[in-house]
Amino acid sequence: MDRRVLEFIGDLRRAEIRISPSEALDALAASAEIGLTDRDLFKAALASTLVKESRDLPTFERLFNLYFLDLQALGAGLAKALGPEDPRIRELLDRLMAEEGIELDDVTELLLRGRGSEMELAIRSGGRNAGLERLMYFLQVGFFSRRIQDSLDWAAIERDLEMLMQALEARGIDPGRLARIRNYLDLRLLGAGLAKALGPEDPRIRELLDRLMAEEGIELDDVTELLLRGRGSEMELAIRSGGRNAGLERLMYFLQVGFFSRRIQDSLDWAAIERDLEMLMQALEARGIDPGRLARIRNYLDLRLEAFRRMIRQHVERERERRAFRQGEQLTREVLTDKPLFALTPDEVAQMKSVVARLARKIKDALALRQRQEERGRIDSRRTMRKSLQYGGIPMEVMLRRRHREKPKLVTVCDVSDSVRNASRFMLQLVWSLQECFSRVRSYVLVSEIAEVTQAFDGYPVERAVEWALGGAPVDYHCRSDFGYAFSRFCRTELDTLDRRTTVLVLGDARNNYNDPQAWALRLIRERVKGIIWLNPEGQWGWGVGDSVMPLYASSCDVVRECRTIGQLGEVVDNLVHHWWRRGR
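Numbered per the numbering used here, the sequence shown finishes at 595, counting up by one with no gaps.
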């Protein structure tokens, strides 16, 4: 259990959910206390200890479902087909094994008695050696499922089930009842041993088999015992154990699922399982059980066997999906980070919001670490040596040097015309997510006119304020860009608010539609501030071509950078945030 929870925590961290060591320990303690009996309670315990922000819940939900099987959901389809519960079959098998002294293989016992959670754990155990770490693609599912199945001794399981049916038949159970018992056992196998998938249990068959094994002194193979009596968690552990040597780390494609499932199955002693089941069926038959009842018991045992095979395949499929999720999430972030902002689809824009939020959090975390290191101070060797003179040259007191740094002011000016709107959207989101890193942040949007939108960020959440800035500010969003007019207006109304602690961050393509660029206005702004950084979402090949006046404005800027992707934007803002902390004023 602890190993599975730690693997789960590792994937959460790889999905960029922050989890501290103490939180991981809390999760382990909570999972050990609650256990897997109540899946919803177990899930709530992990969520309460590992998830701190609501935006991380979807990732947690998806990974949780990949790591911890939803028994009811998986078995919903077969539950209806299995019909109403008939506990008499389970009772009959248990009594049979008890009276006959039949000992089943562990897997057979698990199939007969196991709950879904125990069978799930058995499959996971079988999958450890199946190489599921190589599961990446849908086509690999069959291969890895086969590998896990091969790790189980299906022969022993089938032998145990056959032995149970024979023992029931020997007891003179009528053919109709035998058929029901066999159907019960078949469904246990077919439904992968899951409580819901197997439908209502028939304890009479279980009781009969138990009594038979007890009376006859039948000893079953461990896997057969697991099939007959094991809970889902036990079967899951068995499957994981069988999968350890199946090479699941090479599982990458869907076509590999069958191969790896077979490998896991091959790790089990199926001959022993089949021998056990056959022995049970012979013992039942020897007791004079009627053919109908024997048929039902055989059907029950066959279904338990088939269900276990299906559990192995499902385990491999989930392992492949888990690996695909881990790699897919990383690939999606990498692709979006490097994709030109103007080419983003509406769906990608929505996904990018979370990428920007994670980028902001990463920048803040790095800055917080640097601040803590700075607050502790650095050794002042000169003062320490001078202080040591009063102790005979021994540095009994270490003198530290601490620097006080003032946070900078930031003014952002964003072009919100259609051609660069996405870039402005993400810059506003990123900057305002980092507002505590600055002493003051003020934001303006421009097309041909310029307007301040700071008030929206003061009164609304960042995402809502960004949407307002892109569509509700007092500017004409449908006219042509005129940077020269906007800068001249800014000089007339806002110049006195600027000082040498202010950095101006401009985002725009500098395409002025052949209007007067009024470069003097930007030079005047530069004289008042610490520096101007210009980010251009257009490639450098287009600067100065056509109506672009970027070369005119570049002479007044300290930094001019191409900013076509969120990765480039994050790099610039990261440097801006950390520059004042590294160097100070």
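Bear in mind the hints are in silico, worked out from the structure with no lab data behind them. Computed from a predicted model, the values in this text were never measured in an experiment. You may find that some hints are simply not true.
What the hints assert, rightly or not - With a straight-line Cα cutoff of 25 Å, these simulated DSS-like cross-link-like pairs (lysine-lysine) come out:
| no. | residue 1 | residue 2 |
| --- | --- | --- |
| 1 | Lys-349 | Lys-363 |
| 2 | Lys-417 | Lys-397 |
| 3 | Lys-349 | Lys-540 |
| 4 | Lys-417 | Lys-374 |
| 5 | Lys-417 | Lys-349 |
Said to hold, decoys possible - Across the chosen pairs, the derived CB separations fall in these ranges:
| no. | residue 1 | residue 2 | range |
| --- | --- | --- | --- |
| 6 | Lys-372 | Pro-350 | 35 to 43 Å |
| 7 | Trp-478 | Pro-350 | 47 to 55 Å |
| 8 | Gly-20 | Leu-51 | 44 to 52 Å |
| 9 | Gly-182 | Ala-281 | 23 to 31 Å |
| 10 | Gly-45 | Ala-360 | 19 to 27 Å |
| 11 | Gln-445 | Glu-17 | 58 to 66 Å |
| 12 | Asn-523 | Ala-360 | 40 to 48 Å |
| 13 | Thr-394 | Ser-32 | 18 to 26 Å |
Idealized CB from N, CA, C, for every residue including glycine.
Which of the numbered hints above does this structure break? 2, 3, 5, 6, 7, 8, 10, 11, 12 and 13
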